[in-house]
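Participant: Residue-level listing of the chains:
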Amino acid sequence: MKLTRRVKEILSWYESDNPGTKANLARILMEGRLGGTGKLVILPVDQGFEHGPARSFAMNPAAYDPHYHYQLAIDAGLSAYAAPLGPLEAGAATFAGSIPLILKMNSANSLSRLKEGADQAVTASVDDALRLGCSAIGFTIYPGSDAMFGQYEEIRELSREAKSKGIATVIWSYPRGGDISKKGELALDVDAYAAHMAALLGAHIIKVKLPTADLEQDEARKIYEKHNIPRETLAERVKHITQACFNGRRIVVFSGGAAKGEDAVYEDARAIRDGGGNGSIIGRNAFQRSREDALALLDKLVRIYQNKE
Amino acid sequence: MKLTRRVKEILSWYESDNPGTKANLARILMEGRLGGTGKLVILPVDQGFEHGPARSFAMNPAAYDPHYHYQLAIDAGLSAYAAPLGPLEAGAATFAGSIPLILKMNSANSLSRLKEGADQAVTASVDDALRLGCSAIGFTIYPGSDAMFGQYEEIRELSREAKSKGIATVIWSYPRGGDISKKGELALDVDAYAAHMAALLGAHIIKVKLPTADLEQDEARKIYEKHNIPRETLAERVKHITQACFNGRRIVVFSGGAAKGEDAVYEDARAIRDGGGNGSIIGRNAFQRSREDALALLDKLVRIYQNKE
Amino acid sequence: MKLTRRVKEILSWYESDNPGTKANLARILMEGRLGGTGKLVILPVDQGFEHGPARSFAMNPAAYDPHYHYQLAIDAGLSAYAAPLGPLEAGAATFAGSIPLILKMNSANSLSRLKEGADQAVTASVDDALRLGCSAIGFTIYPGSDAMFGQYEEIRELSREAKSKGIATVIWSYPRGGDISKKGELALDVDAYAAHMAALLGAHIIKVKLPTADLEQDEARKIYEKHNIPRETLAERVKHITQACFNGRRIVVFSGGAAKGEDAVYEDARAIRDGGGNGSIIGRNAFQRSREDALALLDKLVRIYQNKE
Amino acid sequence: MKLTRRVKEILSWYESDNPGTKANLARILMEGRLGGTGKLVILPVDQGFEHGPARSFAMNPAAYDPHYHYQLAIDAGLSAYAAPLGPLEAGAATFAGSIPLILKMNSANSLSRLKEGADQAVTASVDDALRLGCSAIGFTIYPGSDAMFGQYEEIRELSREAKSKGIATVIWSYPRGGDISKKGELALDVDAYAAHMAALLGAHIIKVKLPTADLEQDEARKIYEKHNIPRETLAERVKHITQACFNGRRIVVFSGGAAKGEDAVYEDARAIRDGGGNGSIIGRNAFQRSREDALALLDKLVRIYQNKE
Amino acid sequence: MKLTRRVKEILSWYESDNPGTKANLARILMEGRLGGTGKLVILPVDQGFEHGPARSFAMNPAAYDPHYHYQLAIDAGLSAYAAPLGPLEAGAATFAGSIPLILKMNSANSLSRLKEGADQAVTASVDDALRLGCSAIGFTIYPGSDAMFGQYEEIRELSREAKSKGIATVIWSYPRGGDISKKGELALDVDAYAAHMAALLGAHIIKVKLPTADLEQDEARKIYEKHNIPRETLAERVKHITQACFNGRRIVVFSGGAAKGEDAVYEDARAIRDGGGNGSIIGRNAFQRSREDALALLDKLVRIYQNKE
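Residue numbers (the working numbering), protein chains in the order written: chain A, 1 to 309; chain B, 1 to 309; chain C, 1 to 309; chain D, 1 to 309; chain E, 1 to 309.
Rather than coming from a laboratory, the hints here were simulated on the basis of the structure. Note that this is a predicted model, so its numbers are computed, not measured. Misleading hints may appear alongside valid ones.
A pair holds if it fits inside one copy or across any two, identical chains being indistinguishable in the list.
As the list claims (entries may be wrong) - In the SDA-like style, the derived pairs of lysine to any residue whose C-alpha atoms are separated by at most 25 Å in a straight line are:
{"id": "1", "residue 1": "K165", "residue 2": "L210"}
{"id": "2", "residue 1": "K226", "residue 2": "S290"}
{"id": "3", "residue 1": "K2", "residue 2": "S110"}
{"id": "4", "residue 1": "K165", "residue 2": "A23"}
{"id": "5", "residue 1": "K300", "residue 2": "V122"}
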């Protein structure tokens, strides 16, 4: 499989990684309909941990079956599929080699009263990633939460082990908890800070939410205003996030959030594309639609990243 | 021992497991009077940890002897016998090869003041399971409790080790603690969430309690009502639980709870059968009756799962 | 599965073994048409290592396929199937739980010039036995050969590890090499010595060849003659071998040797039965016949051990 | 990447392997111009160890550079590239993700006076394979040599470790040494025996030389003649080798041997194809030609396996 | 590279260290324009963790790129570059061997509500330092804070491991938290105490802030006044800090603090030089200026330590 010039350029940024880890990044970047473009669309399905089964799948009951998601990601020509241990195990042999896998190592939980910003359990091991043939591990951090420090130490160890065994690291960076206001979780300064922290921790791929134009922290607001950091349009804000990801030296993808209208999804994707982001990680907006609708939506999403829409 | 088509189908769902683990699942599925049907009745005896000896056995003093339970499970033609380390050790040689064993790794405790939802001690090892000839380990989690995260990390490590050594994993998933109301522990949404979490954690066999028609969490209620998820009859609710177990790709059995009338036990079993559940795990309702009554009850239970009653 | 009184008696001889190992012995003793009788017929297929593929399978080409042997052992209702790593791997998932497996850890080799009595390579690990779901490991020793001491040390370590993990040990004991004459390999004194050595090494199941009435060693001959040890009939000689196996406290099975006429096979089996041996381990005489002929032969063999022929 | 039905069928044969190992086999089977057909052409470059640099590369000095071979394999659309540690390290980052890699773990050596059939040093580790992103390890055995037993024990351990970490095993099986005549190394009986041994040892992919119609061992000759095993044409002999590889349940590829005329190379490939072999592993006949000639030769080779020539 | 007499003298102070650790100290002391003088200027860039990306880099956007800082440190002829895991990884190969690296193991964080004096996460490992080719690890302690004891135990382990592997330890010692007043953080007695604690903990290089003439602790004030410890001029105070660093037997460098006017920076440096300190560790005052201005400032700084300004 000849890598494109663009993929080779991206791989060159991960200069301290061993060839095994680079090969797994290459697998993700060369997979599917966006393979070779440097753009990514990833299907993540860890809502089950976060919201329980009915809230995740009742609107599309076929999605109770873990095979459904593997097949959706493959049929839509996506770049990778991310899920916790159990669902990956349930299809890893049937779909071995069919799509790059990201083993989600920890997950949020709405059954606990320790909700916002609380720690997460680490529910899988790097050795699980090896035996299931995963290209990457995925890990969520909550910058700003009281659990943050513990999480950073967990991903330090998991990531160090993964890198030594040729497996890439994806960090989901979601600010919350502590003194951060609900609105502030999406504020540009906080989101950029969160993305930057993932980069500082050594992530290969960074996942954050799309930021609003709000500014949360006083010290940061002064800087944003003094330097007139553009933040009016979503594309401008995406561009700022890519700066926070080592000036574009780290892949950054954006999550779609709760299920919403198709047009909003497309608009987000155009802004990500125009702002220089690397793509979307789109869960509920994909699997909470019927398979037919999801394939249509993902098709258009891919076409947007192909500059065809 | 020729496996039935049904058992082969069930084994095919555990596609990432090594043949050793599959063989142990097969042993459970082919054992006893329900062998080959895909249905299971398991005898669990861990009340001693949970309620102490007198509350567990005074009503049937023969049951103070660990051999009693082995013999009961064998004579009733059950699928497996589950117990903590001590009782298994006390009979494992006498009954070696006579019935598949599940080594219960942790257990609740009513002597501690840390009762509801508190953590449990892990009182056995995977190597104990090997030396005692067990087919599976059993582990209780308390979704919703503050101890949940620690429990998930414990079972992650135990299950990873067990899977590598060809031993299956049974997870008892009992919501409790945190903000969950007493009534909510059995609410359909919470029970389905608990079953789903066990599946996400990589369980081969999931054990939950039978759910009521209640709904506990506001966000979930909206979904259940919006999508009209059927929950009037117990069979409908069982069916929903099987959806939460990867749409039926994971074995799910239901516990009988506290000792109660025979008719209630039979009614439960019929609902489990009609809703597509895989069977019962029935402790107190078996060993807290006289041996004669217990055998009669278990006989009828088996016949229900055989579609004869 | 209720063990028979006879199987419980046999298990009682293995009094230092942990319940896991006893359970695996019980699985072999309770399997198939002879299950529960204390008699065994085992299908071993390691001729590929010893004689190469064509000499092993050309007369029945279906047998080139490893699934063939699993299916043959199951369909004939045998007690266990023994083979090296590769063939077991090739069917271990399809037939998981369908028949007890013995992982042959070393094998002879006719491609080497170091033929008779030379060492063998150990080509599998106890951990392989666990992941493949095997009930026992199998190991060949060459009493009398120059390699004997090294082999004894190998099986010491393998057997110790297997016993700690609940896996039984079968020793193939074939005298050869050193000063033993070709004829002497089957001599009663040498064969009894070989069986005894396997017992001394801690084997749970001992496999030897059927002895002739010859006596090889001068010192031994004096004793056999002085004490008039009966050795005229094959049954008498089998009886003497069982004495060498701790007076019957260890299971001993006899190999059939090269393919030969059916009547000879039956005659051997009757002698083994009448002499108190535990059964046959019959490879070439099974798989080097057509499936139909093999099933007929194995059926009759089983019936002989059932005292029906 | 949707796997073809043929590749899925082939993967189903490796039923005891974890999904990680299956994914790596899938990567090899889906790569390059033959991706998805079940046919393979592999470029191996370990002549440096075996014959030294000048004998290997003087006829095409560009081939002194390890990048040359990576690029050749990629540009020719081959299935995988196999080499020892040093050359893989020299290009693994530049070509990360561009072609599946096989880390050759041991190699022959013509500088030693211990030439024919002597042992080989193991010059790499499974952890090297992980950090370099290799899909498989490769290992050479010399069936018949006095070093055979030691080699079997080495590959047992390497293969067990590789399988647990999701990496496939390729065994080069070259009979030599001991009492095997020079001519006998290629004799059909010996070659089939060698292929069978690799399968018995648990290889996923078996590499042997193309056999002649000769028969080396007296005992084998009787069988080949008695059963009229067809061996006149090369295709017939290839077919026999696939039988020896578990009746086609293991991938088998054939080496081209010393550099020779193009027509001979094509003739070999047609016979491999017609006899049901899985492909060629072609080293000297590729890299000892000019790049232009090699690409032309490999193009035609691929077309033959595509049934276009 | 011949070490100067001065550098040899400094190395002689680290007499319990192994030659590997000494060699890494020598690399730092011999690097750049101050190489050989015993003076150091270090560029630290861990503001991203502490203040987020915009507050750190918006005033000089080129500094979002981790390569910028490597290049700045090299072009300015500095002694070492210090940063957290992610930014070091992003340039460690491009600049391998170009400048000594200090891997910052923990970092402060202004997104957390647990701000002042709270613990920090340890976000890198000594093995990361080895694989990235770092000469030292860097670690921040907060003497006086409630987290102090935990931090001391963390650096105990990290430093022990680093020393055993030949890597030096730099401790950033910043008093804060507990009962220390905001003003007291820079008080001479407290700053000297903090420097001394770093020395007591086994640091090779100690980093503190420049002290004021204030005295914070009553018991200390009595002593300072009784003994007339000179503290009027900054140079006198620096001299007192070097006393606290084992009377000059440990290298001590001073941080510049927040960005400020050039003249203030130069004045500080002259005081450090005149007081016998070893140099400056200057972050924001370097990278928050344009590259041109930063190079001019650093040039003058170096010249001051060269006694040329």
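Participant: It remains to establish, for every hint, whether it holds in the given structure.
Facilitator: Verification of the supplied hints:
| no. | hint | result |
| --- | --- | --- |
| 1 | K165 with L210 | neither (32 Å within a copy, 37 Å between copies) |
| 2 | K226 with S290 | between (47 Å within a copy, 16 Å between copies) |
| 3 | K2 with S110 | neither (44 Å within a copy, 35 Å between copies) |
| 4 | K165 with A23 | both (12 Å within a copy, 16 Å between copies) |
| 5 | K300 with V122 | neither (35 Å within a copy, 43 Å between copies) |
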